[in-house]
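Residue numbers (my numbering), protein chains in the order written: chain A, 437 to 920; chain B, 169 to 387; chain C, 1029 to 1702; chain D, 396 to 710.
Among the hints, erroneous ones may be present.
[Stated by the list, open to error] Only some residues are given here: those of chain C computed to face chain D with a beta carbon under 7 Å:
1) Phe1084
2) Val1467
3) Ala1469
4) Leu1491
[Claimed, not checked] SDA-like cross-link-like pairs, simulated, lysine to any residue; straight-line CA separation at most 25 Å:
5) B:Lys383 / B:Gln368
6) A:Lys620 / B:Gln368
7) A:Lys620 / B:Glu284
8) A:Lys715 / C:Arg1588
9) A:Lys638 / C:Lys1701
10) D:Lys446 / C:Arg1588
[Stated by the list, open to error] Anything over 12 Å on all C-beta distances counts as not near chain C; from chain D, calculated:
11) Arg442
12) Val453
13) Ala574
It should be emphasised that the hints constitute simulated quantities derived from the structure, not laboratory data.
All values derive from a computational prediction rather than experimental measurement.
Each residue gets a CB set at the ideal place from its N, CA and C atoms; glycine is no exception.
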Amino acid sequence: MEALAFVLGCPLAGSLILAFTGHRDVARDVNVAFSFATFVAACTLTVRVVSSGPFLAASEEFFIDPLNVFLVTLTAFVGLTTSLFSRPYMRIEQVHGNMTPARMRLYHSMYQLFGFTMLVALTTNNMGILWVAMEAATLTTVLLVSVYRTAASLEAAWKYFILCGVGIALALFGTVLLYMAAEKIFGSEGGALLWTHLDSAKGRLDPNIITLAFAFLFIGYGTKVGLVPLHNWLPDAHAEGPTPVSAVLSGLLLNVAMYALLRCKVLTDGALDTDLAGKLLMAFGLVSVVIAAFFLSRQKDVKRMFAYSSIEHMGLIAFAFGLGGPIANFAGLLHMTVHSLTKSAIFFAVGHATQKAGTQVMSEIRGLIKVSPTVGWGMMLGSLAILGMPPFGVFASEFLILTTAMREQPWATPFLLLALGVAFASVFGRVLPMVFGETTVKALPHAPALLPVFSHLALGLMLGVYIPPYLVGWYTQAARMLGG
Amino acid sequence: MSQLAGQLINLFAAVILMLAFAMLSQRRILSLIHLFTLQGLTLAAATAVVGYVTAQPHLYLSAGLTFVLKVLLIPMLLHRMIERLDVRWDVEALINVPTTMLIGIVLVIFAFNLAEPISRLSSSIAGGTLGIALACVLLSFTMMIIRSKAVPQVIGFLSMENALFFAATSATTGMPMVVELGIALDVLVGILILGVFMFQIREQFDSLDIRHLEKLKDN
Amino acid sequence: MAGLLDPTHWLALDVALTVVVAWLSVAVLGLFALRRLGWVAKVLFPAGGAIALLLFAVALVALFSAPQTAVLPLGLPGLPFHLRLDPLAAFFLMVIGAASAGVSAFAAGYFRKGEGTPPGLLCLEYHLFIASMTMVVLADDAYTFMVMWETMALSSFFLVIANHRIAEIRQAGYLYLLVAHVGAIGILLCFGVLQANTGDYTFANMRAQRLTPFWGSVAFLLALFGFGAKAGILPLHVWLPEAHPAAPSPVSALMSGVMLKTAIYGLLRVGFDLLHVQLWWWGVLLLALGLASAVFGVVFAAVQVDMKRLLAYSSIENIGLVFAGIGLAVLFSAYGMKPMSALALTAALYHVAGHAFFKSLLFVGTGSVLHATGQRSLGKLGGLIRYMPWVAWLTLLGTLTSAGLPPLAGFVSEWLLLQSFLFTPGLPSSFLNMLIPVVAALIALVAALSGYTMVKFFGVIFLGQPREENLVHSHPAGTWERVGMAWLAAGCVALGLLPVQFIQAIDPVTRQLVAAGLGSTVAASGWLLVPVDIERASYGPVVFLLGLAASFALAFALVRRLYHGRLRRASPWDCGYPWQTARMQDTAEGFGQPIRQIFEPFFRMQRELPSPFDREPRYRVVVGDHFWDWLYRPVADLVERMSRWIGQLQQGRIAVYLLYSFLTLVGVLIVVKR
Amino acid sequence: MSVLGSLSQLLEIVVALLLAPLLVGWVNQWRAWLQNKSAPGVLQPYRVLHKLFNKESVLAQHASPLFRSAPYIVFSCMLLASAIIPTLSTDLPLAPAADAIALVGLFALARVFISLAAMDVGTAFGTMGARREMLIGFLAEPALLMVLFSASLIPKSTSLATIVETLAHRELAIYPSLAFAGVAFTMISLAENARVPVDNPATHLELTMIHEALILEYSGRHLALLEWAASLKLFAYSCLGLALFLPWGVAEAHAPLELVLALPVLILKLALAGLLLAEKETANAKMRIFRVPEFLGTAFLLAVIGVLVHILLGA
């Protein structure tokens, strides 16, 4: 309970404080401090849940169960490492003159607020609040994306805002329908939107309404997950914002959206006897994987490329949850974890690489391994990991997903094979010359932050060869909640 | 009494739908804002009536909220914005209004057809309005698609929010208060941010024509 | 892992694991001594070699002991790392251990300063590579297998691009890893079929499954795709002639000599062990692919002008022969002719072992040459036998083995293979019987052509006169290099002279896979190799060698005894044209010319013929591979076209994006409405 | 291995060593006569060998040990070959050590060494000769193998002794496959022994010679050994052909009488064979080197067809 209060309180307080002090040099460290506090609180919360099971809080408005607590911890952790990364990164940005003090203030405050909204979205028990939090997350990230105030960043932010705004609006419509269905059972008292109630009564929800509701919720949250063809905001937003923001966007926000989608899926599966939700997820997931793979082979901008790779992986995750069943759900959750770890690590490395080369155009970044071996290796290993090379964790989940798909949906495997092959060819073919070979780039004014990169990669590596038992228990419980 | 109220709500629904159509075909930004204000007003009224019928005090609150937000605050903001950006007398050329109308009608039929089974077994006094709300959502969506200037696009976005509110209040008897507050807050912040953006876009591209925002692409 | 604390009753498997751990620790030590070449070269690599010898010994023991299993507390939940050491695994462990021992010793003398990647890192990657190969063979569940398989690919990739300054090498590495990865996905899907929806990925479970012929064939084809890609079978071979030359020579040796064998292992494991029944057409398919690769490989090897490319192509040839043998074994066992199947399988395995030795030997030989001269192009070498005799004579052994000449290893496997073909006309299907002579003829042709290629290889590098002045200063190989090469050469000779003993060692493997073996029949007739019975066929390499040696000695003695041994050195006959230079010798291109002429349709040739009016006339011929045009370019173009087409989706207009969302919404609504 | 066996083995080796040059002399003599030239004596090859052994041998400056050891290796290969081919008897202690396939391998070994030796000196001719020799080799070798296969399919065995035994001492049967094999074998042995139409032993015309180009740098005892080896090769091939295609008269195990009888029969057969060879060499013209692959390819195909025919007719 208190832990929860801290989890939500720290970032909120942080954003308020940094809203005034964010332009000072100390702010970077304050940012880290608050993120660290959040992380600690999240850990205690996790311990609590793992030891004594799920619980409700604040008159049932908040609900902590294995499914969301593991995302909470993940969010807090990546938030922490990203803040660590953003210390030197933003410092260098200031030196390069891309960030004014005012913008620094905005950046730091919004960074914490963004974390807050995500944590609320994860922990709330109220589908309405979930929606509110998602919208709020959108708003904060819009500000973060546009922080450079360049033409490109404005365009990206605008598109991001409009597309996600519309998407989220549709989700609201879905929520209204959900409420409408629930109202018949619970009456118009507040309880009707509480997920726990809905979950307990999902068998009795009216299928017609739920079907329609899920359609809207799917489109709505699917937009934020970045499922093709609702993905168009994603590459722009990732490419034009500051790199730490890109890291949290694809590392965390996509996960949160996916989480919202999963909550809806559980209700829908309960209410309908058809496997509508699963089918939709599978179809859109597969399309996303294939289309994103082909987009990958056209990229010139490094951050854009990895944004598309995020779309691809989200598609894979959606496909996994669509498959359903204990193994596939487990694989999906695992993939969410390793993807956010690996992808954010990649963005850290990419951030320093782009700062070194002074450009995001891949053809102009060369021979990182010569200038700073650590960044080079970070990028190399990260890319290999994200491409599903063992012993990194992404491989573990892809292994489970593909092998399960091979027998449950054989027709899908050729597409997956094609997509993964194309993705590998495109990404690796571009990363290789960036990392190896001759170079002309120069050193940085400040030392890059390497702890985040390699801690993430190490974790990803560990999840590939060894998953700690409590983590396993955690995953399996979560998978069970997803109707595995 | 109650079925009079029901008819009243249906009337409001019709008005809102009509206003949506009007917006879809309206060329001038200023009148767009007026239409939007009207829509907000109707929405507030409808909410109040629903509150009166179902005797739910918190609906009055949300009616008031709607009034303040969508009749006073946002229109005012919009007015000041177009004042500053001096696009008050802007007229944008729409492609072929009749076609858009036809599309709109098709959408309305589609929406009704979609909502029909639900409305039938809807408990609340005016469940039939769900179809209208859905239609409004789709219409505003279309509007956003065909508008090529920033402000009208935003207004389309807002009218979509209106439709959602309408669905929330009339189809169901109002969302929980906390949710409504949250939504309202989001909308407000959103419109503020959009406002800021418009100025920045303006100074970047010295125009609000979003056709300038087509640099980032992959083809 | 029972009694791990008490070394007295360790199982062979425990020792094998210890070997892996030891290698890993050596690797880590290398990471700590990143740039201290002396330490890495003179301590770590020899240590790795010694460990490899231990592996070799333990594998030899394990061959004759019952399967042992262990479970490591790693891996996925409910799917820890299962390990199993059965005869099949033991055989390949033996190959790995033996070959990598020699290569490690050589590597100790090979790596120099200033070659791209720092030596410590090379040491790390190198030992990671051999350790992962060992684990691939030990793996007993799909996940462990895949993890180790890809680790193997990854570490070898980094070794290939050790000298990453050069763009071609990066390209080669890229192609290599790409093919490896796609192949790996194929294998992964194959396991997906084999686990048959049980969600249990252990091989034990897969053995228990009884797949329908359809699913069985799907699994087999996927496995063939995956492992074929790794083995460099047509048409997935293109990476091989690029990657093997690009790597440092010890690495090329390991990749050609050992890594390709893991693909063979995988194919055997899936085809014979995990799949409970074989279909006859699998055998035909394997046979066809194998022969195609063999002919293709040897023909291309014959026309190469880069010594390492030549060897790479010859690897394709040898792997093709192994595939042919396996195909025959599948064919036989599909018709329930167990002993014949065992014979074919023995031939294949024998060739696996032999190839591991002689190809590694040849590659490290080129390594020494490369170091001594800095030349890879045959056109610029020659006469080295006088400057680096050790390398020359040891390489000669490898060359003769590779040419399939008695009494060395290559001949034995060739002999066994031909024997198994000779007995084929007992197959129930007359159509297949028709096929056999053609197949046998092709194999004979391949063998003869490899002789041609090897004469070219050895003759142009080591014999004749130096084609460049600086070759005169090329220094002989160091001690470690000699030790490594000597070990490998000894292997070639031993395999050639002791087929009986070695076939007895293979016997448990064939018994495990096809429930039959040659061990007993062979053991019956002492030193004579008699696969079936003395009346049908027999071959006694020792007697053979003794006969040769005796007549050699006799002739020598008699000539010396009866006549004088006067000898005079003079310059060779210049047929009246005293201005001959070393450049007037026949070149590698020249040596390949007849092949280019006879097998013209095989090649994509661009000739540059000189005209009599050129100021400085030059002749140039570039020999290319048709498969690029037939298979790879089209695929690449297709992907390119598709991505360009898909790229149209993302054209920057927000209205269009909104339209997408809108249409998707409507579409989904329509779908759910139904 | 019986006493008689070892005896016949010894006898075979001696016979081979003695008769081989004689056969060459015989062929040359007849060829001269057929070409209306005055012929050298039948014993001429012996005289040549004696002369060469007595001469001092001249070595190129940078010739390597490989160059010097090659003649001995080649010689011993040929000796071993003619020892394992059942010319007089099928009861040979050495025979089990090497069957038909090993025999082909043996010839290949010799070829590889002579070619390497030729490349060692590094003159244009040596390498060219080596290349041509290997070219002929890689076509002739599989063809020979196929010929032996089509023979070995009859007794289902690759052991030469068994083959000859079956062919010689079974009731007379017509094997159509052997007809093809025979033709193929003739062509192969012409090519392998550097005979017209593939090569001309009597010329040193630089652009066309093959065998002579190989041994161009040799002299003295080394040359003598190589010449002797060449004649042994011719002898071995002829005996192989005779053993396969008219095997009658070859002694079986434990039949001393047959053994005594076998020698004259063999000589008779060889004389006839030599006569035919001389006739053929006179009647035909040498072909261009580029036509050789076609020639040998035909032989290869014929041999394969032979095997096919055997399997088709199930005979």
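Verification of the hints:
Using the Cβ-Cβ criterion of 7 Å, the hint placing phenylalanine 1084 (chain C) at the interface with chain D is not satisfied: the shortest such distance is roughly 29 Å. Checking valine 1467 (chain C) against chain D by beta carbon gives a least distance of about 10 Å; that is not within 7 Å, so the hint is violated. Annotation: interface hint on alanine 1469 (chain C) holds; nearest CB of chain D at approximately 5 Å, less than 7 Å. Here the hint on leucine 1491 (chain C) is kept, as its CB sits about 4 Å from the closest CB of chain D, short of 7 Å.
For a cut-off of 25 Å, the pair hint linking lysine 383 (chain B) to glutamine 368 (chain B) stands: about 16 Å separates their Cα positions. About 47 Å separates the Cα atoms of lysine 620 (chain A) and glutamine 368 (chain B), which puts this hinted pair outside 25 Å; it is violated. Using a Cα cut-off of 25 Å, the hinted pair lysine 620 (chain A) and glutamate 284 (chain B) holds, with the two alpha carbons roughly 17 Å apart. Annotation: proposed proximity of lysine 715 (chain A) to arginine 1588 (chain C) is violated, straight-line Cα distance about 90 Å (limit 25 Å).
Proximity of lysine 638 (chain A) to lysine 1701 (chain C) is assessed by CA-CA distance (about 20 Å); at most 25 Å being required, the pair is judged to hold. Using a Cα cut-off of 25 Å, the hinted pair lysine 446 (chain D) and arginine 1588 (chain C) holds, with the two alpha carbons roughly 15 Å apart. Distance to chain C confirms arginine 442 (chain D) as a non-interface residue, since its nearest Cβ pair spans about 15 Å, more than 12 Å. Non-interface call for valine 453 (chain D) relative to chain C: violated, since the shortest CB-CB distance, roughly 5 Å, does not exceed 12 Å.
Listed as a non-interface residue, alanine 574 (chain D) keeps its Cβ farther than 12 Å from every Cβ of chain C; the least gap is roughly 16 Å.
When held up to the earlier numbered hints, the structure conflicts with 1, 2, 6, 8 and 12 and fits the remainder.
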